[in-house]
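Kindly generate the complete structure, drawing on both the sequences and the hints.
The listed protein sequences correspond, in order, to chains Z and L.
Per my numbering, the first sequence starts with residue 15, numbered consecutively.
Per my numbering, the second sequence starts with residue 586, numbered consecutively.
Simulated from the structure, these hints should not be mistaken for lab results.
Note that beta-carbon positions come from the ideal geometry of N, C-alpha and C, so glycine has one too.
Errors might be hidden in some of the hints.
[Stated by the list, open to error] Pulled a few chain Z residues facing chain L out of the computed Cβ check, cut under 7 Å:
(1) L46
(2) T47
(3) F83
(4) V91
(5) M95
(6) P96
(7) A101
(8) L102
(9) V105
(10) F145
(11) F148
(12) P157
(13) V158
(14) A161
[To be verified] Label pairs and their calculated CB-CB ranges:
(15) L:Q737 - Z:Q114: 44 to 52 Å
(16) L:P829 - Z:F132: 44 to 52 Å
(17) L:L676 - Z:Y123: 49 to 57 Å
(18) Z:F80 - L:F785: 55 to 63 Å
(19) Z:L39 - L:S658: 21 to 29 Å
(20) L:L669 - Z:W152: 41 to 49 Å
(21) Z:L159 - L:T689: 48 to 56 Å
(22) Z:K181 - L:G821: 55 to 63 Å
(23) L:W686 - Z:F132: 53 to 61 Å
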Amino acid sequence: MRNTDLSLKKLESMARLLVPQLLFLFLFLLSLTFLPLPYVGTVKPFFVLMAVYYWAIYRPTLVPPFLCFATGLLMDVLSGMPIGLNALALVVAQWIVRDQRRFLMGQPYIVIWAVFGFVAFIYAVMQWVLFGFFHMQWLSFTPVLAAIFLSLFLFPFVTLLLVFTHKFLPVASRAIP
Amino acid sequence: MKLRPRTKGSSLALPFLLWGPRMASFLFVILALSLFLFSMARPAHFSSVRMGTTDVFSPLLTVINAPIYKAASYVQAVTGLAALQAENARLYQENSRLREWYQTALFLKSENESLQGLLNIHLEPQHSYITARVISDSGNAYVKSLLVMAGQDQGVQAGQAVLGADGLIGRVVEAGSKSARVLLLTDINSRIPVMLGESFDRAILAGSNSDLPSLIHLLPDSQIQDGARVLTSGHGGLFPVGLPIGEFIRDDNGQPAVRLFADLNRVAFVRIVDKAEDPRLRQGGQGGQGGL
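Now the structure itself:
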């Protein structure tokens, strides 16, 4: 009896762990599709970076460097970018944020939001420099700035979803802010 | 606290252990950087991996795209009623004008055919089209491309021209078995040979990642007026002659550029121009196909 209970519990905690991953997959797919927003054109917000940033602060084991690398690589392959560009940018962004998580965990949301803007800027500059280096041609930075601001604007909405999935995590492994 | 004496091996590993989770990040940074440099040296090396992965992901992207497109069309339907009426009136006018043109075109076509018959002229063969749905616009600030739901199984090959509703939008750069990637004319890697105006001046249409691709290698003394039609020239043998692209304008810096006929932000279906089998065309030498 106790045995089945335990395995059920195990199953439940596994299912709970799966919820944030499903949201991660959804954000990943969303970052590849065209959003028919007026005046936005092909400016893509950094949806995946938002999830990577959030989990690097509150639960780094959920989105480890390997997952960042694999996701970035898939993004490169599917969006026709130079291979390794997004993989590198995502792993570095996760590294930076994870190193500062002890400071960030205790901060109010407005600080978390502001720091996301900073991380998004670093991420975008990394992409821009690597892409320019790849083609030996420097593009205009304006669409990149637009993407940063759009990401900053959408971050609170995505955070709501992330906090929602955060509540699904098993209690023992939940490190709520 | 008493420290345990260390063996030589553990003292070597210590710096890495102290680094803890950073080690994984560091390794993946190195791996990503190597992949990046390798793809820089050999960009074509990953082409088959790209299309294989895209084939796997294309159904997923279709699923996630469908509700987004549907929602967008509902929003447009609700908010666009007034615009719809104006559009309707405009279309009525345009339709009556086009009817006259249709009659003229029929007359000119029959006249042209009879004159061609008299001269025994050999024009290029007729092309057929493959129509495909756009499953994802994976373009971003850096890459301007589309994924379409048709691949080698449907006869799509790299190098084929791709038309939107109003004109050329790009060309197929990679074709998987069920999906293909279309590089748009606005991408910085896009170069298309074109001709302009009534004098058929030649130039190369070069994408610049902005909405207005520029014209390079245009003769300095060419007298092209704003609004002149820009068509594919067919040079290089990759594209058919005379596909409509856009109209000639000068950009903010006074440089020659093209305003595309097709609205690249609203492409739901594309027509891919199937290369016709022509016994008179010879297979090009190595590297001759991807020369554009």
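Next item on the list: Could you check the structure against the hints above and give me the numbers of any it violates, in ascending order?
Entry: Of the numbered hints, all hold.
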